[in-house]
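Given the structure of chain D, go ahead and fit chain R onto it with the hints provided.
2 protein chains.
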Amino acid sequence: MPLSGIRVVDLTRVLAGPFCSMLLADMGAEVIKIEIPGEGDTVRRAGVIRDGISWYFAAFNRNKRSLTLNLRHEEGREVLAKLIANSEVLVENFRPGVLARMGFDETRLKALNPGLVYGNITGFGETGPYRDRPSFDFIAQAMSGLMSVTGEKDGLPFRAGPPIADLLAGLYGALGICAALLAREKSGRGEKVGANLLSSTISILGFFAANYFATGEAPERTGNDHAIVAPYGLFRTKDGAVALAPAQEATYQRLLDALQLPQLREDPDFRTNALRLKNREKINRIVGARLLMETSDYWIARLNAANVPCGQVKNLAEVFADPQVEDQEMAIEADHPGHGKVRMLGFPLKFRDRPCRVRLPAPDLGGDTEAVLEEIGYSAPEIARLKEKGIV
Amino acid sequence: MPLSGIRVVDLTRVLAGPFCSMLLADMGAEVIKIEIPGEGDTVRRAGVIRDGISWYFAAFNRNKRSLTLNLRHEEGREVLAKLIANSEVLVENFRPGVLARMGFDETRLKALNPGLVYGNITGFGETGPYRDRPSFDFIAQAMSGLMSVTGEKDGLPFRAGPPIADLLAGLYGALGICAALLAREKSGRGEKVGANLLSSTISILGFFAANYFATGEAPERTGNDHAIVAPYGLFRTKDGAVALAPAQEATYQRLLDALQLPQLREDPDFRTNALRLKNREKINRIVGARLLMETSDYWIARLNAANVPCGQVKNLAEVFADPQVEDQEMAIEADHPGHGKVRMLGFPLKFRDRPCRVRLPAPDLGGDTEAVLEEIGYSAPEIARLKEKGIV
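Same order as they appear, the protein sequences are chains D and R. Oh and the first sequence: position 240 is 243 in the numbering used here, straight run, nothing missing. Oh and the second sequence: position 168 is 171 in the numbering used here, straight run, nothing missing.
Isolated chain D (complex conformation) (with noise of 0.2 Å):
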C-alpha cells in the first residue's frame, strides 16, 4: 500500500487528528493510537453504541492498533521516547505547549528522532493572541467567515451541518505529512507541519475571498442561489426538489431547450447572464413553474441528456441506497471481532494498484499494547511490571 513501512505514534483524540491518521492508515500506515489506560478517546462512547461498539468510534479509528499509556507517569513518557524513536511519524491535537510540557519540545524530538516528521492539529496555529483559547469545529465554522456565507440573506447564517473544520484540518494535517515524508526521503531529515481549524476553513473562502480582496466588499448569503450567476439554484418539482447549475452560458442555452422555454432566448430580459442576474426573481418564477409539471426523477434524466447540472437534494438513506454511491462502495462493511459486522464509510480516494481497503478494525482499549511494546523491544517481564503498575 502507499504508506506502507511508515510507523505513525498518534497522540490525537476525539474528531480532527484521528482523522488525520485515519486518512494515513487507510493507505496503509502502522498508526499506533495513544490512550488513556482506563479511559481511552472519548469517542469510544460517543455517537450509537451497537453490539458494545461506537459505530462512529469504529469508523474513524479503522486500521489503527492501539496502545494504552499514562503520559503523566515518567516511565510512561519513557514508552513514548522509545516509540517515537522507532517510528517515522508522530501526530498529535493537543494544545499548543502541552506536548513540550510533558518533555517532548522540538529539540527533544529532534534528538530522540532526526527523521521525525511531527505533525500537529490545533484550533487557532501555535502563535496568535488565540492560540491558548478552546476551539471547536463550530467555532471555527463561525469565525472563519464559512456562516457568513451560508443560508439566505435575510436569514440566520449555518453552520455546514458536518464538521467541516474539524475534517479540513485533518486532510491538510495528512496531506502535510505525506509531503514532508516525500522530503525526508531526499534528505533524510524530518519536519515538523501543523495545520488548524480555523486557518484550514479560511482556506476554503477561494472565490469569496478573492473578490472580497479585489473589491473590499465582504460577500452577503444567497442561499442556494448562486452569486453571479441566474438562474441557478434549488427548484421544486411535482414530487421533490432539484438543484440546477448551469453556470456556463452555453449551459443555459440547452437548459432552455431541455425546459422547452426556447422563448426565453428572444426576452430581452434574459439575454445575458447580467440581465438574468437582474431580473432573477422573474426568471426564476419561470424556471420554477416549468420544473413544478413533472417529476424530480423526469428532470435528473431529461436534464442530464442535456448535459445541465443537476441532482436532487438527498437524505442519507437516499444517498446510501444511490446506485452510483454503491458503485463508488462508499458504504462498506468490516467485522470487528466480538461486535459483528459495522457498517461505515467508505474510501474517497481510488488507487488503481494499492487500493485503501479495511486491513484492521477499530482496536480495543489496549487491544495492542503488549504486541507493540514488544516490537520496540519490551520483555515479557518487563510488559507485566508496566501494566501492573498502571503504566500501560
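Don't take each hint at face value.
Because identical chains share one entry, a pair is satisfied inside a single copy or across any pair of copies.
List of simulated lysine-lysine pairs, DSSO-like, C-alpha gap at most 30 Å [unchecked claim]: (1) Lys241 <-> Lys113; (2) Lys344 <-> Lys285; (3) Lys390 <-> Lys285; (4) Lys156 <-> Lys285; (5) Lys113 <-> Lys85; (6) Lys85 <-> Lys156; (7) Lys189 <-> Lys85; (8) Lys195 <-> Lys85; (9) Lys195 <-> Lys113; (10) Lys189 <-> Lys113; (11) Lys281 <-> Lys241; (12) Lys241 <-> Lys156; (13) Lys241 <-> Lys285; (14) Lys390 <-> Lys113; (15) Lys85 <-> Lys390.
These are calculated hints, taken from the structure and not from any lab test.
Same frame as chain D, now just chain R:
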C-alpha cells in the same frame, strides 16, 4: 521545499483540479499548466478583474507555469507525450474517457513513463451509472447528503457557501498524489489515483453517517443547534451574536459559572445533557436572555477565560481584520508583474523548515511555453514552427 524536483503536467481547468495542483505547487512542485492557445482556463475571465487580472485566477494558479498547447492537433499531442515522459505527475479533471480518446489511455501512459503518478478528478468517479453526467459543486453538495443536514429542520436545505465539494476533491487528489509519490520512491513504479466530488463530500458525513448506519434513521437538520448536545448554538448578544459550543459536561459546568447561572445546576429539567436536550427550548431561552445582557466582546473574553469554546460569526471583512488571522498570515500579497500586487489567501499548512511561499505569480497565458519546450529538448526553430502553426 517538500515537493521540490517533482514536475507536474497539469491538464486541469476551473476549480477542483487547479486547487489540487495549487496545493502541490505551494509545497514546491513545478506545475506546468496546459492551456488552450488563445483561450486558456475560463477562470482567467471569472470573478473580479483588477489591473487586468482575475484575482480569483491569480489565487488558484500561483506558483504555476503556463504552456499553451492545442491537443486537437497531432503535433500538440506529441508535445504532451514528451512532457509526460519528462514528468513525475500528470493530473487532469476531464470527464472519464476524454484523455484516453486523445490517445493517452493507461497503457500509453505507462509506456511513456512507467513511474508516472496519474491523478484524476471527476464529478462522480470513473465508473458507475452517473460517470458521464456533468457535475458541479452545488450538485455534489445536494447529492452527497450534505445539504440535507445544513439549515433548520423546518426550513430549506442549504448548500455550504464555499465550493467545498470541489475543494475537498482537490485536497484528496493532492493527498493521493503525494502518497503515490511516496510509494514510487520505494518501488519505482507509478500509480493512478482518482478523487471525485461526490465521494469526497460523502466522506465528510462522519458522525451523521455512523449514526445513520447504526440506526437506519436519516438525520434531520438542526440549524445551528447540536444534534445531541444542549445548550449549543448561536445566541444573540447586546450587539451581535455568539456561537457557543460547550460540548462536554465539564464545559457546560464552566459555562454556568461564566454566565453566573449556577442555579441551573439545581433545576431538575437540566440535570443531564439528555434532560437539557429534551428541554432545549427552555434552557436556550434562559441562556439566551443572559447573553443578551452584554456585548459580544464581553462574552468572548469571559467565556474564553472560562475555557468555553465560543466565537463570533464573522464576515470576510472581520475575518481578515482579525489579529489571529493576521498572525497566521492567511491573507498575503504577491507581485504580479504588469498587474501590480494581488492579495490572496495564505497557506493553511505551516511547515517549520520548508514553508510554503509564493515563488511565482499566476502565469500569463502561455507565458512559459518557450522555456518549458526548451527544457524538454525542443530547439528554437522547432518552437518557432510550432508557434506559427498555432500548436503552442
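Status of the hints after comparison with the structure:
| no. | hint | result |
| --- | --- | --- |
| 1 | Lys241 <-> Lys113 | neither (64 Å within a copy, 50 Å between copies) |
| 2 | Lys344 <-> Lys285 | neither (53 Å within a copy, 40 Å between copies) |
| 3 | Lys390 <-> Lys285 | neither (73 Å within a copy, 48 Å between copies) |
| 4 | Lys156 <-> Lys285 | both (18 Å within a copy, 28 Å between copies) |
| 5 | Lys113 <-> Lys85 | within (13 Å within a copy, 42 Å between copies) |
| 6 | Lys85 <-> Lys156 | neither (55 Å within a copy, 51 Å between copies) |
| 7 | Lys189 <-> Lys85 | both (25 Å within a copy, 26 Å between copies) |
| 8 | Lys195 <-> Lys85 | within (19 Å within a copy, 36 Å between copies) |
| 9 | Lys195 <-> Lys113 | within (10 Å within a copy, 35 Å between copies) |
| 10 | Lys189 <-> Lys113 | both (18 Å within a copy, 24 Å between copies) |
| 11 | Lys281 <-> Lys241 | within (27 Å within a copy, 36 Å between copies) |
| 12 | Lys241 <-> Lys156 | both (27 Å within a copy, 21 Å between copies) |
| 13 | Lys241 <-> Lys285 | within (20 Å within a copy, 38 Å between copies) |
| 14 | Lys390 <-> Lys113 | within (29 Å within a copy, 53 Å between copies) |
| 15 | Lys85 <-> Lys390 | within (17 Å within a copy, 61 Å between copies) |
This entry does not satisfy hints 1, 2, 3, 6, going by the numbered hints stated previously.
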